[in-house]
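With chain A's structure known, arrange chain B on it following the hints.
The primary structure of each chain is shown beneath.
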Amino acid sequence: MIRKAFKPAGNKITLILSTLGTIVGLCLLLIAVQVYNDINIAIKNSNNDQFLVIKKQITTLNTIGVASSSFSTSEIETLKEQSFVSELAPFKSGNDFEVMVIMNIEGSQFPPFSTLAFFESIPNQFIDVKTKDWKWEEGQEEVPIILPNTFLDAYNYGIAPSMGAPQASKSLIGSLKFKLRIKGKQGKTIFYGRVVNFSDRVNSILVPESFLNYLNKTYGNEKQTESSRIIFSTPNKSDPAIASYLKQNGYETNKDQLKENIIQQVTSSLFYFLLSIGLIIVFLAALLFLLYSQIIINKSEKEIKTLLLLGYKWKFITKNIIYLFAKIYGVVTLISFIILIIFKWVFDDWLVNKVDLILPSSIALITFVIGLAFILLFLLINYLSISKAIKKIAQPR
Amino acid sequence: MKIRFFNVIPNPLSDEDLTTSEAWDANLVLEGNSPYFLSSNSGKGKSTFLNYIFGLRNDYQGKIEINDKETRSFTLDDWAKLRKDNIAYLPQDLQLIPHLTVWENLCLKNQLTNHCSEKEIKDFLEKYNLLDKLNKPVQQLSIGQQQRVALIRTILQPFELLLLDEPFSHLDEENIAIGFEIIDKVCQQQNAFYIIATLGYNYGVTANKTLLL
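Protein sequence lines, in the order shown, are assigned to chains A and B. This note's numbering applies: residue 1 is where the first sequence begins, and numbers increase by one. This note's numbering applies: residue 1 is where the second sequence begins, and numbers increase by one.
Among the hints, erroneous ones may be present.
What the hints assert, rightly or not - Distance windows between CB atoms, simulated:
#1 139(B) to 350(A): 57 to 63 angstroms
#2 129(B) to 302(A): 25 to 31 angstroms
#3 22(B) to 326(A): 48 to 54 angstroms
#4 330(A) to 139(B): 29 to 35 angstroms
The hints are simulated quantities; they were obtained by calculation from the structure and are not laboratory data. Predicted, not measured: the structure shown is a model, and the values here were computed from it. The beta-carbon is built from N, C-alpha and C at its ideal position, and this holds for glycine as well.
Bound-form chain B, shown alone:
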């Protein structure tokens, strides 16, 4: 998968000085199978960057292409297919459905993609110490636990690109390490790469490229 940004300037940042940004108002190509670290202080548009790639927002000047096709020309169905088969996204606010259980939240994704077996899902949960929370409504979990559920849900699909928006902000070092272990494994399996938005930490990962916003 190849993502290209052609002088993209988000409308909310149009008055700001973007000369030092490696992503905004620049020609940028994202491809390959090594991770990208999207780094900046808050308010510089990390979530915006990921939302543009995922088709949640289009309030920008310039042009974005996915596999040489301009994203503004995508229909709603094109986006739905892309989200189901090509790009997985873990948003910062997780977007779990609070009144559904952990299992139901995971099934909601897997029933659509039919990507993992019940055993594979349970293996992920076990690895992330969540198996005992299977039938608990998500709203009864801690933020850290919710982040782990959301990460598992994100990878229950085929993808070429994984977008992660501050996925470990509420996790301890041990769980961050398990998270990366899972991410690396599934990316390898699917020959995919990921873009992770962080507040500047690299979590000890030697990234392919760090993009400063």
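Only chain A is shown next, with the shape it has when bound in the complex:
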């Protein structure tokens, strides 16, 4: 009955505009938060996360021997001190010995071939693939090797078709043994190599550190040489400090590894843009709602005075006016979340087709929290404004 006492504000256009404005603003906010959250989770879940391999740019100066492509001890120390570096390891390489890979399997479809090669090693925690055979002890003839995935691709899609040789699966390559001829100051020796896994993160031919140490000691030179590549882990690969530090020092990293970084930067910019627009629209709409509530109160001032005269408490009257807004905000929230769900459904589908990212399928908790927080904030602002106006009317003159 008490709600019937209030006069409608009359001008429905204000109400419709405020409602539409709030829906548009809230949708932008929710979509921005949801997409930002989804992309972050997708990137976290993707491979290569938190690891970067860096090297120096090779210029003509390197070719003529004036500049070095290796990292000096002081350069490594400076890098270690950077806030974005959690753990760091220079690539260890073979020193002063020659590696020849010889593959000649009788009766096999694979053509015999031999090639000069190199070995490198990095601490196990930096390797993205785990293999139980990844160990070597002195006296062991068979050497486990990790190859980059790109090598396998180069063979299967480049070498094999052009030579008329069969393509090879990972398991087939893993079953092959090939000769490794090592030649150094102590003469020659033969080991047998076997590919135990393929890495996405490290673009090098990796052997266990113990094996490389043995070769350097026995056939090469134990003296520590400078590394030309460094791998480091970082809590946030998209930290802009990384890109600017690399640029400043003339270091490079795998462009692919920074691709996600770029996606994330674009997403961040879009996120902040959408967020700002959303916030502006939402607050303008909130102002319109405040205006609308003031119109209701002004138009119904006589009726409010009557209710106070009859003995109604100001809080009760305020609650009944707020009820009108709570209904509108309820509808706004519902419509905004429905639009968000439809958007997410279409956007996820599109993104999965365009970019190979797997997004979380549900609406994030943070999106719900932010959506509800805004509605509650709206209600609170309205409540404060309305209760102030009602109390003013209720005060004895």
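Frame of chain A, contents of chain B only:
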């Protein structure tokens, strides 16, 4: 219920000579169960007097107490409770809600106080010849009819004091008599008294006291 005025001077009347007034700038006690007639020409502050007791205005010097408590110390909630349970007021401008029907206007009060049954309300309406106007919006009634609706609404609550501001200005003698009959009955039932502002008529009622403003 005891109402006390301690040298109350309304700010709008502060420049006027109030020596002959029995209410302003005087020590006044209103209590008991007999009616008070507040009498003066217009502009002497009859409505102001009632508004002060009802807490609608506080633009005065001096002090007003209700049951030995100064009214300036009352909170908005104190006033709301007093208006719901202790003091009923029929203002001169009636303060009915014009777009609501007679029944809705009455329910607005009775839903808050839950004081009368639907039958009791209809009995009042019948007594005041308003039963056929039950579902008419108040704005379609004559002023006299509106005054009668407002009077019924005023008594749909428990009270110890009834304030009536020129309640019969648009009523004929017959309806005035019915009005007094109703007022006397409910005041008796509730052991309450009333203060009625008039332009000097006593409507044939032998009042306990006439207060000249």
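Hints not upheld, ascending by number: none
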